[in-house]
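**Q** Start from chain C and add chain L according to the hints.
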Amino acid sequence: MRYTQQIMGMPVHIEVDEQYKTAVEAAFAELRRIDEMCSPYKPDSQVSRMRSGQLKPADAPKELHDIIAAIEAWNKKTKGYFTAHLEKGFDPSGYVKGWAIQRAADILGKAGASVYLVSAGGDMVLQGKPWSVGIRLPQQADKLAAKLSIQNGAIATSGNYERGSHITDPHTGQSVDYFASVSVIGPEIITCDVLATTLFAMGETYQQQADSVVPTGYEVYCITPDQQALYTPGFKKYRAD
Amino acid sequence: MKQVIKKAFIAVAVVAGIAGLIFVVNYKPPEVAETPATSSTPTEMAPPAPAKTIGRYRDGTYTGSELDLHYGSIQVSVVITDGNIASITMLKLPNEHSNSRRLAAYATPILIKEAIAAQSAEVDIVSGATETSNGFIDTLQSALSQANPG
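Going line by line, the protein sequences match chains C and L. If you read the first sequence in the numbering used here, its first letter stands for residue 1, the second for the next number, and so on. If you read the second sequence in the numbering used here, its first letter stands for residue 1001, the second for the next number, and so on.
Isolated chain C, as found in the complex:
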């Protein structure tokens, strides 16, 4: 059974056997709770209150401190490419999405479900059977660039095609459009999500940097603006074209 709700400004899909309906509701509730805590767009969220100075970091809940610590660790691992310290203020959204998906998946797993899917905004955890997953062709919303089969793993895709290419690299003044999208497949969603964002931002410097950033067991599939695919050799094992 497929359940869908709009949370964190994006559709969230959970697919699992109907007998786990209670767990599905708990998973959605957890995602809404995380959104209430972390959304930079909700004025009452703890993140917004930290940004405005109403909430002192010392008074923030441990959970938020853990998120900040995790983001800092990723910031070091990615040489600054992944960060929550934005010009507009602290925004952990780039990390929270993958973390929230994992939390929701854990709720289903603890309830006893073995076959399930949790997807938020195109990033997902896939458990218990070979799920058929398409990677969207950035240039055409109704087309797929690749068809995969993923069992007991995760995939995350980053791109800027929904909002147009307006990201610029301050070093060159040029738009960051080296990749149209970057997908990362691997055992764990948070890493996939963070890496997809990071590698997208690295753009043309991918190869110099990827070696120290991409752990063994994670595969990358990039689509360029002129519709070439660039992928790591191990990506082939997921292909179901």
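There could be a bad hint or two in this list.
[Stated by the list, open to error] Straight-line alpha carbon distances no greater than 25 Å define the calculated BS3-like cross-link-like pairs of lysine-lysine that follow:
#1 L:K1113 / C:K147
#2 C:K77 / C:K62
#3 C:K76 / L:K1113
It is worth saying that the hints were derived from the structure and are not from the lab. Every value quoted in this text rests on a predicted model; they were computed, and no experiment measured them.
**A** Relative to the frame of chain C, chain L by itself:
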């Protein structure tokens, strides 16, 4: 401009890949190493390289020898255009079920290029940056403003 950047990018990918191959080859008996897939070794005629260029090569398509590693074969083909590496194709890869962590460690981040054959096949679900939060874009912009690609 985009093409130049891409070539430089792929050139780096190939150099990294070849470095990996040579490393693997070097721990095999010497006779296997006599034909490494390095027909694109930088020539001594190379002019001073621009900042993002690794080296210049002779134009053409070069197919490296098939290297018989004890856990499988590996072979690459390299296309050189205008002195730069335009593409690399892995013609043969070792068995994916091999337990060679060493090769896998090199192979993991290297990108292979191919044209996309777009398809509309039915799937359970689609992965794509279809509905990301505003924070995602902000994160990228901020990261780039801090990043030093070196």
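**Q** Of all the hints numbered above, which does this structure not satisfy? Sort the numbers upward.
**A** Those not satisfied come down to hint 3.
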